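Which chain is which? The protein sequence lines are A, B, C and D, in order.
Under our numbering, think of the first position of the first sequence as 2, with each following residue one higher.
Under our numbering, think of the first position of the second sequence as 2, with each following residue one higher.
Under our numbering, think of the first position of the third sequence as 2, with each following residue one higher.
Under our numbering, think of the first position of the fourth sequence as 2, with each following residue one higher.
Simulated from the structure, these hints should not be mistaken for laboratory data.
Small disclaimer: the values here were computed from a predicted structure and weren't measured.
Just so you know, not all the hints are guaranteed correct.
Put simply, identical chains are the same to the list, so a pair is met inside one copy or across any two.
Said to hold, decoys possible - Capping the alpha-carbon separation at 25 Å, the derived lysine-lysine pairs in PhoX-like fashion look like this:
| no. | residue 1 | residue 2 |
| --- | --- | --- |
| 1 | K24 | K288 |
| 2 | K24 | K156 |
| 3 | K288 | K148 |
Number of protein chains: 4
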Amino acid sequence: MGADMRFRGVISPVVVPDTPDHKLDIPSYERSIDRMVDAGVDGLFVLGSSGEVVFSTDGRRDQIIAESRRIIDGRVPLLVGIIDTETERVLEHGRRALELGADALVATAPFYALGGPAECEEHFRILRDELDAPLFAYDIPVCTHTKLSWQLLAKLGREGVLAGVKDSSGDEASFRMLVMANAADGGNMSILTGQELVVDGAYLYGADGSVPGLANVEPYGYVRMWQAAQVGDWATARAEQERLNRISRIFNVTSGVVGYAGGVGAFKTALWLMGIFNSNTMPRPVKALEGDNVDAIEAVLKDNGLL
Amino acid sequence: MGADMRFRGVISPVVVPDTPDHKLDIPSYERSIDRMVDAGVDGLFVLGSSGEVVFSTDGRRDQIIAESRRIIDGRVPLLVGIIDTETERVLEHGRRALELGADALVATAPFYALGGPAECEEHFRILRDELDAPLFAYDIPVCTHTKLSWQLLAKLGREGVLAGVKDSSGDEASFRMLVMANAADGGNMSILTGQELVVDGAYLYGADGSVPGLANVEPYGYVRMWQAAQVGDWATARAEQERLNRISRIFNVTSGVVGYAGGVGAFKTALWLMGIFNSNTMPRPVKALEGDNVDAIEAVLKDNGLL
Amino acid sequence: MGADMRFRGVISPVVVPDTPDHKLDIPSYERSIDRMVDAGVDGLFVLGSSGEVVFSTDGRRDQIIAESRRIIDGRVPLLVGIIDTETERVLEHGRRALELGADALVATAPFYALGGPAECEEHFRILRDELDAPLFAYDIPVCTHTKLSWQLLAKLGREGVLAGVKDSSGDEASFRMLVMANAADGGNMSILTGQELVVDGAYLYGADGSVPGLANVEPYGYVRMWQAAQVGDWATARAEQERLNRISRIFNVTSGVVGYAGGVGAFKTALWLMGIFNSNTMPRPVKALEGDNVDAIEAVLKDNGLL
Amino acid sequence: MGADMRFRGVISPVVVPDTPDHKLDIPSYERSIDRMVDAGVDGLFVLGSSGEVVFSTDGRRDQIIAESRRIIDGRVPLLVGIIDTETERVLEHGRRALELGADALVATAPFYALGGPAECEEHFRILRDELDAPLFAYDIPVCTHTKLSWQLLAKLGREGVLAGVKDSSGDEASFRMLVMANAADGGNMSILTGQELVVDGAYLYGADGSVPGLANVEPYGYVRMWQAAQVGDWATARAEQERLNRISRIFNVTSGVVGYAGGVGAFKTALWLMGIFNSNTMPRPVKALEGDNVDAIEAVLKDNGLL
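Model the full structure from these sequences, guided by the hints.
Below you can see the structure in the form of structure tokens.
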């Protein structure tokens, strides 16, 4: 028993480059994916929250999966987000993703309609029954407005419903209790943290890996931190995390923007300034960062040796 | 100038009957729609929050629009919810709804990804530019987690972006300010309240109509209240509202269920007990009410002469 | 049986004038109270949320009650807020308020420590048992972060614990259900709305009165609206409410301020511009409005004939 | 420069024992404080959220400070919570606490009245100006409903307003950024985590100490974890934290209670079962745990060798 070893380490959630007319920018996409794989990440997670999943039509989702599969070409596992409001819609995304070659599927709690723990549990059970692939629960209450309790997640792991959890709840105590419960149950699940600024702590606790958006900008640091953690070199892990956190200032130096525009907008702008993306275009209705906000991000990148 | 007269009065948001195997139950659907139209409602709104929109696959959405159009057969206007997470996806639903015969489109604020007023404004402007139909903003922060300010809505009405608003925010003060601002601007928009328990007050203030889920169970009272309000008979309007509110106890008498299961679940159970629906089946992953909860709803219906 | 007739109609929540060095400005206070009483309000509520209760030391609370009693001199009833975090502290305020001559006491749900309905119910029962005066529950979840359910409030009214409710929840549907439940129980309680922008609707529903902060600025309109409602003249009630709502734009025209600074700050600035207060000083740590914000409020007052 | 060394390590937030008639139970209080001091804690924090501060009258607050001072008798520093709604009230508590011998003062953001960052900043500046003692900011948004940003806290540390921060926000990323910012500024502040289930991680990041409520039940483990962290023995730190987290199951095994009743209620019940407290009485209006809930806590204590 134990978690599937394919889904451990640094699993980068892939940020998507757009052309100015809102098409998938394939040369930029190839550049960014190749850079992360070459840096040594252990997997790629496409169509996550920062991967424009909820901005993408079904056609665009298909294109992203297909292109990702082509570019990755089996070098690392491909996890695919099948995020949508409720069960039947998620099932449809899941079936398409499997046809297109996903290695694992990642689903959130249902959202928009109000529900509770009973609906969450039933949702994941139905997904597991009807989709033949490792299933990750993606706990992201800032988007879904539902927190998946560690007790429920541990139970679903114990019973074989879930292959793992991506925890972007920001609730570190709950995450810790989940890691402990999973270990006590034999470690069936791969427990990954999405809290990208305190990954060293999560590794110290026993997390199986991380899903840091910032790895799009700086994959090398996350890879070195994981390697350091594997040999118990916590001083190095901490130093790497601190360097990454200084780069994370790209989230704090903008003004007049909120939410996705400032978060994923900062990633895209950094990647554009670094020459990896051809543009920092955002999906409609979000506007790209511009002017002083671009300058402020440029200054952070220079301060940290990325430009 | 002034609001489109087609979209005034009682616009019922249509609750959808399911067969036990989760197909659209067409005979029940015909019975329910015909009953509401015969009762005198002024329009029907399908694929709203209580119309299972976020539970329905695209295929199911198409079926609901097409069947609704067939059954209504032009007797009243058909408003269609094109609810989805972000702009491109909503546009796709909008195009399909227009092909299938919608008379007006109803869209919420974007949701799941975090945004602010700038994203909301841009979203509605894009929808209006690319979809050739009257557009209603549907303000339902309990589902979208974004409140559309009355100032933004009034501005979008003044500029011809919005044909109307369905306000399910529960923020009566904001609703009132919107009604006043719209009137001061010439009454371009049709301002409809979704706050089904205080509709008489909204009519007194000058609301153009209501979108009460409870009209699925008791359309006659809502029609009589609207007629009373048209002639300024506020005592009758209040008496009708109070009778409807006693029926609304179907929301308060259940236990062990939350959100959609208890709200739309109560509607479906009442309609089933009343012989209008063949089943009270809920969309997955939600379970139908059963046992004591069904008995409790039956008692409310009997107390109010509906059984 | 039935609600105590002393506590019906327009009960003004009294805004407190401060000298520039943060003392109670007694001449301004006399001017404001006399103006409201002369305008015909039916009662005064001191030490409410807009009456600086949580900014006031115990000594200042005592002074406010004593001065209020002296100035009012029995012309209208004096309701006193005994707002504090938990039961024992509230009891101490209640005993002092009764010694100083309060006619009724007004208490919120407990706050700061997390609790639930059981703690709320026990809290009001203890207050009623140990304080010999009519007790009002003040439902203001925006401050206490707890919503008192209409079912609990109705039960406490039925059992004689509560003499009334001041509902500042903004939840109009819940308010309506409470009014109906209280009426069905014999009308023991006086149910007052704090939702100052839709008071006409509340009167239509059967509310026993209102507690509008805006009555500090414009008491005459609220008095006329109550009088119109008493004789069923809903057109006049609506017209008065709409005029008051245009004055309420003082809340919307400021920028760069949030919460108390913009809300009570607007009241104080208006009263200062109108010559009723000598200053618009706010309690520490809140800053008074200044510059463009003062000008913007002045423009609203001029537009509405108050300057 | 650098943080005051008196305020580093394990600072226990002291849970208060009550007699069945709601008086301070002094023999129990002596037993518990002596046990924690003997175990080697580095300081005690009285009148915190779990120390019944908001349930205590001013007289009771004075008694707790005086008795704490007498019992501690200089063995460790005494930090005193001066928690109240707004500035003037907090200042009064601060003056009393200093008269009674507090070594440092701990204040939250203002609460109840709505405010923003400007009010928070002014609040702490006034407190520092008028109270001559080291001042800690206590960030506990679950109670105050305001998050103190790490940028504001770092600024107030840099300027000498704050001597430290007790972070009970549960926002580990923000905590980490604060620790880094404080270090970059010379380490003026003592940054303490109140997130008691992931203290080992916080120590790895460079936190100056912790304020774990669970140290009332099991101080030895927290002391050993701090000692291990001081010498970089992270495996031991993790093992101690995991053992403590198994004891924390006392929060998860109760049913039918919420908030304070279940949290501090579990502490008091454990201490009572362990013979340290004479009773598990809670402050009004909260009820003590009883029946199955007591048995469930007893089972957790037995499983972990505490009974």
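Return the numbers of the hints above that this structure violates; sort them in rising order.
The structure conflicts with hint 2 only, although it agrees with all the remaining ones.
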